[in-house]
Amino acid sequence: MRIPSITVAHRGFSITVPELILAPGEVLGIFGKSGSGKTSYLHKIRTLFPPTHVHYMSQFDGLFEEITIRQNIEIGLAAGGKTYAEFHDWEKQFAEILSAFEVDRHISKYPGAMSGGQRKRAEIVRSLIMNPNVLLLDEPFLGIGHLFETICTDEILKRRDGTGVTIVVSHDFDLLCSFSDRIILIDEKGVVGFMPTNDPNWKPQNVRTAWTLGIDNVIPSSALQQLTTANIANPPNGNFLAFWSSSASWEHGEQMSILVPKEKIQSIHTALRHGTLSTRVEIDVAETNEPLVLVGKGEIDPELKEQTLGIASTWTLTA
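Just add 84 to the spot in the sequence shown (first one is 1) and you have this note's numbering.
Check each hint, because a few of them may be wrong.
In silico DSSO-like links for lysine-lysine, alpha-carbon gap of 30 Å or less [claimed, not checked]: (1) K117 - K287; (2) K176 - K242; (3) K242 - K287; (4) K117 - K242.
Note that these hints are calculated values from the structure, not bench results.
Using the sequences and the accompanying hints, generate a full structural model.
Here it is in structure tokens:
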């Protein structure tokens, strides 16, 4: 399935998501901070397909208050293009999923007589029973509890056996990784990158990706002296700096970024002058006892302020 490149205007900025080719049954996750345009992107996708081929489940309550849960589900089936012959006995066909989400015991109730979690589960069941070609789920796990999170992810994974695609927005990164085939990482500047969930060795290749994933202990830096793979891997004291980069070496003054284990942050001394880019980062490899991590090429953050995180002297990097 092809989803063309989409530009979304959102809260004074715009993001562009490149063209996507989704395989039959693929589950695509979307992750990013609040306000980065994820929901607006789902709205744009919804407009690309006939109404009978796509279903969008909002993160907000979408049940009709004046009719029962049974009728809400039946309206969804009709909106999805199902004929009476196809869904007249849907309660028997989908008894298992109704029971799993405990919606069967509320099937005759009106939404106003149900709790927020019960209403959310009824919406999830309606979305899954509709089984559209394109299923868009916006924060489906909010408020349903851990048990039903597991049931919901299992039901989403069952869609892999079909031809339809599923796109899920969630703030729960670990949960997204548990069922998505790949994840789009988005920030307020646009698409940061794509993360495959089937590669245990995948690591962020730049500062922006690390920050999007919540890795905030990244220090933008540049080399005072040429650093090669060899002398980074084997410093004189026997400790070592590991790194994530395809580059074999860094020239004098070339930008890089260092990812420091948070528990080792006291091994770093940082002195920053206000209004300048003369950031000085000194790393004592001998004090860490664990590898520090060099993360690709980074950018200087002008918002950094003067601070001291510790005392160190062995390796000296500056920006």
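Each hint, compared with the structure:
no. : hint        : in the structure
1   : K117 - K287 : holds (19 Å)
2   : K176 - K242 : holds (19 Å)
3   : K242 - K287 : holds (28 Å)
4   : K117 - K242 : holds (28 Å)
Going down the numbered hints, you'll see the structure goes against none, and every one checks out.
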